[in-house]
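Asks: Construct the entire structure; sequences and hints are all you get.
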Amino acid sequence: MTSGVKSPSSRVAPDPSRGSSEPRLSVEQVSYAYAPNPQQAPVFTLEATSFQAKAGEVVAVLGPNASGKSTLLQIVSGALEPLSGRVLLNGFVTHQLEPRARGQRIAMVLQESQLLFPSKAWEFVLQGRHPYGKSLRFESDEDVTIAQNALAQVGAEHLADRWMDQISGGEKQRVILARALAQQPLLLLLDEPTLHLDIGAQVDLLETIRRLAAENRYTVLVVTHELNLAGEYADQVVLLQRGKCLRVGTPAGVYQRDLLEQVFQAQLTVETGASGRPRVSILPGP
Amino acid sequence: MRPLTLSRLLLQCLILAVILFCVMVLALKFGAIHVSLYGLGRDLLRVFLGKSSDISSEYSLILNLRLPRILLGAFVGAALAIAGTSFQALLRNPLADPYVLGVSSGAAVGAILALLLSPHLALSPEIAAVFTPLGAFIGAALAIAAVYLLGHRNGQIDSSTLLLGGVIIASLLSALIVLLLTTLPSSNFRGMAYWLMGELSAVPSQPLAWVLRVGFLVAAVVIYTTASDLNLLLAGEKEAMHLGVDVRRVRLIVYIAASALTGLAVSVSGAVGYVGLLIPHLMRMIYGADHRILIPASAFGGAIAVVIADILARTIAAPNELPVGAITAIAGAPLFIYLLRRRFA
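Each protein sequence line maps, in turn, to chains A and B.
So the first sequence is numbered by the numbering used here: it starts at 1 and just counts up by one.
So the second sequence is numbered by the numbering used here: it starts at 1001 and just counts up by one.
Since the hints were derived computationally from the structure, they do not count as laboratory data.
There's no promise every hint is true.
Unchecked claim - Result set (DSS-like, lysine-lysine): computed pairs, CA atoms no more than 30 Å apart in a straight line:
#, chain 1, residue 1, chain 2, residue 2
1, A, 244, B, 1029
2, A, 244, A, 120
3, B, 1238, A, 134
4, B, 1029, A, 120
5, B, 1238, A, 54
6, A, 120, A, 134
As the list claims (entries may be wrong) - The following label-pair restraints were derived from C-beta to C-beta distances:
#, chain 1, residue 1, chain 2, residue 2, range
7, B, 1006, A, 48, 48 to 54 Å
8, B, 1153, A, 149, 24 to 30 Å
9, B, 1202, A, 168, 36 to 42 Å
10, B, 1214, A, 142, 35 to 41 Å
11, B, 1068, A, 158, 52 to 58 Å
12, B, 1316, A, 145, 53 to 59 Å
13, A, 134, B, 1214, 22 to 28 Å
14, A, 134, B, 1167, 53 to 59 Å
15, B, 1002, A, 134, 16 to 22 Å
16, A, 64, B, 1331, 54 to 60 Å
17, B, 1007, A, 274, 57 to 63 Å
C-beta atoms are modelled at their ideal positions from N, C-alpha and C, and glycine is treated no differently.
Replies: Laid out in structure tokens, this is it:
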């Protein structure tokens, strides 16, 4: 086995934060640097970043390309060990969790999921039960029920018997999300989930995520380029630029014209939309 | 939703086992000496009942010569097919197999080196029996390590670089094999050349047979325990990791076990090509990509395929025998092209 197990208590424990107002996720001064080889200076760093999130909260991580968004997500997920600082999920350091324990608490939806050999949507969703399985992991009736519920929660029951390579991008993203729900996580991480989706499917997906966070009390961390979608659906935003965490706060607090213009190098306007949330538009150049 | 259950898995394995048995009985019947199925059945029964002395000389010849060879063929086919299935999942490459990736060539180099060295080392008979498969295993493991390193880019496997890496390693090792063969006395050369093509005529000695049995069982069981992890690895190492797979551990044990299987197979049969590539493909068409059923199905499929290929090798040019590897290549290459066209059509 790997060195993942730090203490017996890092296995499955009851969740004290489900339904409480204590922060469930606590990102404490994490930083990261990597170098192509040991002789060279690190090419990219994530400088000390901190924020907290409660159960049921949606946090959006924003920033231009190469600002360290995905690195931050990888660190939070426990896949990358931070250079300094730590990420606590219910008091457990995420990168010290044993892989199965991590799979039971943290679910990740990556930008795209490439399948080498096509599988049916239900088979794909059942993979989310893997962290709970025993040695050969024959799925139990309970696993099947959980997978069916997960598909239902994202409105994709009708896709169960379809092949993954024969459904649309939006449908596929729903099935991938259903697999993450089947993991019954505390923390749901999404890396640019709307990347290849049209605007209707984007809104649809974020509505679903928002609803799931409220219903299932997930803490959601979503990396996105979509300022307006983040502004509309996130409780908190974390704004990054070239590895620096510039601001953490509510969308209204962070979406200030000067700041966004400087970060994204574009002429922008920020207004308050009909929902009371900030709305960003582009001003055409001179 | 109808997930795989243990009873369904066992039923499918039983069906494949019955097919394998029938093919093996046919393989006993066909060959330079003709025997009847009835006589074969009668004498097999006598062997099982412990009355070996009652067997006619004709049938005893068949059982003593043909049967071990058929069992060897089944073993080689099963080992190569399991290795191919694992490599395809682990390297996320449907074209990966021990032969294409140069693992078989690595094993061959290791085996030849062991053969060349063993007379100089004054080994006890027990160790001498293990020496060639051990050399083949080390050669296989080194070759796959080299291919893996060549195919890795920015922490992820790059499928086409990996395959090209395999092709290059394979051609380098083939050159090395020719160099090594020229150092052999000329009387051994033809035998070695035949062995390299893949052949089953050299039935292993008793200690070696035990090494093969135990090695095969251990490696196959070890790989099978990772079957459900391999299902997730098909989607990539990152995704598998987020679904609770200990990627590093799975990768390491499957590499070692699959190299061991390749090494064992190559050390007794040379490089029988295409079995590790095509059998997993065919089985995937029938049973889907769930490794919990794909691995055992491939093992049976590989065994069936090599036993059939060996029947052909023994009968096509009778009384001469062809190397079984020539048959698998002649049958395998067109089948492979067909699959490739179908896939990208």
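Asks: Now look at each hint and say whether the structure bears it out.
Replies: Consistency of the hints with the structure:
1. About 76 Å separates the Cα atoms of residue 244 of chain A and residue 1029 of chain B, which puts this hinted pair outside 30 Å; it is violated.
2. Note on residue 244 of chain A and residue 120 of chain A: the hinted pairing is violated, with a Cα-Cα distance of about 42 Å set against a maximum of 30 Å.
3. With a C-alpha separation of about 21 Å, the suggested pairing of residue 1238 of chain B with residue 134 of chain A holds against the 30 Å cut-off.
4. Restraint check: the Cα-Cα separation between residue 1029 of chain B and residue 120 of chain A comes to about 43 Å, which exceeds 30 Å; the hinted pair is violated.
5. Of the supplied pair hints, the one linking residue 1238 of chain B and residue 54 of chain A holds, its CA atoms being roughly 26 Å apart against a limit of 30 Å.
6. Between the alpha carbons of residue 120 of chain A and residue 134 of chain A the distance comes to roughly 22 Å, so the proposed pair stays at or under 30 Å and holds.
7. Checked against the hint of 48 to 54 Å, the pair residue 1006 of chain B and residue 48 of chain A passes, with Cβ atoms roughly 51 Å apart.
8. A hinted range of 24 to 30 Å for the beta carbons of residue 1153 of chain B and residue 149 of chain A is inconsistent with their spacing of about 39 Å.
9. In this structure, residue 1202 of chain B and residue 168 of chain A break the distance hint of 36 to 42 Å, their C-beta atoms being roughly 57 Å apart.
10. Between residue 1214 of chain B and residue 142 of chain A the beta carbons are some 38 Å apart, a value that agrees with the proposed interval 35 to 41 Å.
11. Restraint check, residue 1068 of chain B to residue 158 of chain A: a C-beta distance of roughly 56 Å satisfies the suggested window 52 to 58 Å.
12. In this structure the supplied range 53 to 59 Å holds for residue 1316 of chain B paired with residue 145 of chain A, their Cβ-Cβ distance being about 56 Å.
13. A C-beta distance of roughly 27 Å is found between residue 134 of chain A and residue 1214 of chain B, which places it inside the suggested range of 22 to 28 Å.
14. Distance hint check: the CB atoms of residue 134 of chain A and residue 1167 of chain B are about 40 Å apart, inconsistent with the given range 53 to 59 Å.
15. Checking the proposed 16 to 22 Å range against residue 1002 of chain B and residue 134 of chain A shows it holds: the Cβ atoms sit about 20 Å from each other.
16. Here the CB-CB span from residue 64 of chain A to residue 1331 of chain B is close to 56 Å, well matched to the stated 54 to 60 Å.
17. Evaluation of the 57 to 63 Å hint for residue 1007 of chain B and residue 274 of chain A yields a pass: the beta carbon distance comes to about 58 Å.
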